[in-house]
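Chains as they are written, first to last, in this note's numbering: chain D, 6 to 117; chain C, 178 to 292.
It is possible that some hints are incorrect.
[What the hints assert, rightly or not] Pulled from the structure, derived: some chain C residues nowhere near chain D, Cβ distances all over 10 Å:
(1) 203
(2) 204
(3) 242
[What the hints assert, rightly or not] A partial selection of chain D residues facing chain C, derived with a Cβ cut-off under 8 Å:
(4) 13
(5) 37
(6) 44
(7) 45
(8) 50
(9) 52
(10) 57
(11) 64
(12) 65
(13) 68
(14) 96
(15) 103
(16) 105
(17) 107
(18) 108
(19) 110
Hint data in this document are derived by calculation from the structure and do not stem from the laboratory.
What you are looking at is a predicted structure, and each value in this text was computed from that prediction instead of being measured.
Even for Gly, the Cβ is constructed at its ideal location relative to N, Cα and C.
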Amino acid sequence: DQQVKQNSPSLSVQEGRISILNCDYTNSMFDYFLWYKKYPAEGPTFLISISSIKDKNEDGRFTVFLNKSAKHLSLHIVPSQPGDSAVYFCAATGGSQGNLIFGKGTKLSVKP
Amino acid sequence: NAGVTQTPKFRILKIGQSMTLQCTQDMNHNYMYWYRQDPGMGLKLIYYSVGAGITDKGEVPNGYNVSRSTTEDFPLRLELAAPSQTSVYFCASSHLQGFYTGELFFGEGSRLTVL
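The shape of chain D in the complex, shown without the other chains (with noise of 0.2 Å):
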């Protein structure tokens, strides 16, 4: 059973809209909600993360949005560019044996 998931697989946005990433989980005890940015052939590298006791974080152009409540938690990216094109996954982790549980990801492809 997926802990994490993200049902998108891809979306497109055009170059200077938003786009809005989606994951959903399961697991009331997470602690920690992460977003990570894969491109090709390299490894995931941390993009932003949220503490459970908040509902709102933002880096830039990089904003994460926790609805507890419904087990829901978002990524906004605004403006979005055509470096933004990548792989994002959703993970979440809680506990102390530092197993981060990842979602499958969904390709975001920013169109100029």
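Since the structure of chain D is provided, determine the placement of chain C on it from the hints.
Showing chain C alone in chain D's frame:
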């Protein structure tokens, strides 16, 4: 700084062969991890280590072994390779805070094919 370095980047193995994936980091991180990513799937934790001499199983440890003799190195050993181990393997490291918050530094990956 090189960060997390993995070798080899690509390898083809025959069923039943063994090999070691190498991972080294130069950030003086105590915590190191091995993940695998199957096509169309998220990353899954194989093994992790909280310091030299200490390792523990993750979600999918079967068919693998690890050792941690130094802070810098965390090799992953595949014994008796099987087609189900065809995957991309990522090594990662973190400081203490990252162990709890999930902020890891990943290597570029090692693509392994077992035929």
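Hints that the structure is at odds with (numbers, increasing): When the structure is compared with the hints, numbers 4, 6, 7, 9, 10, 11, 12 and 13 turn out to be violated.
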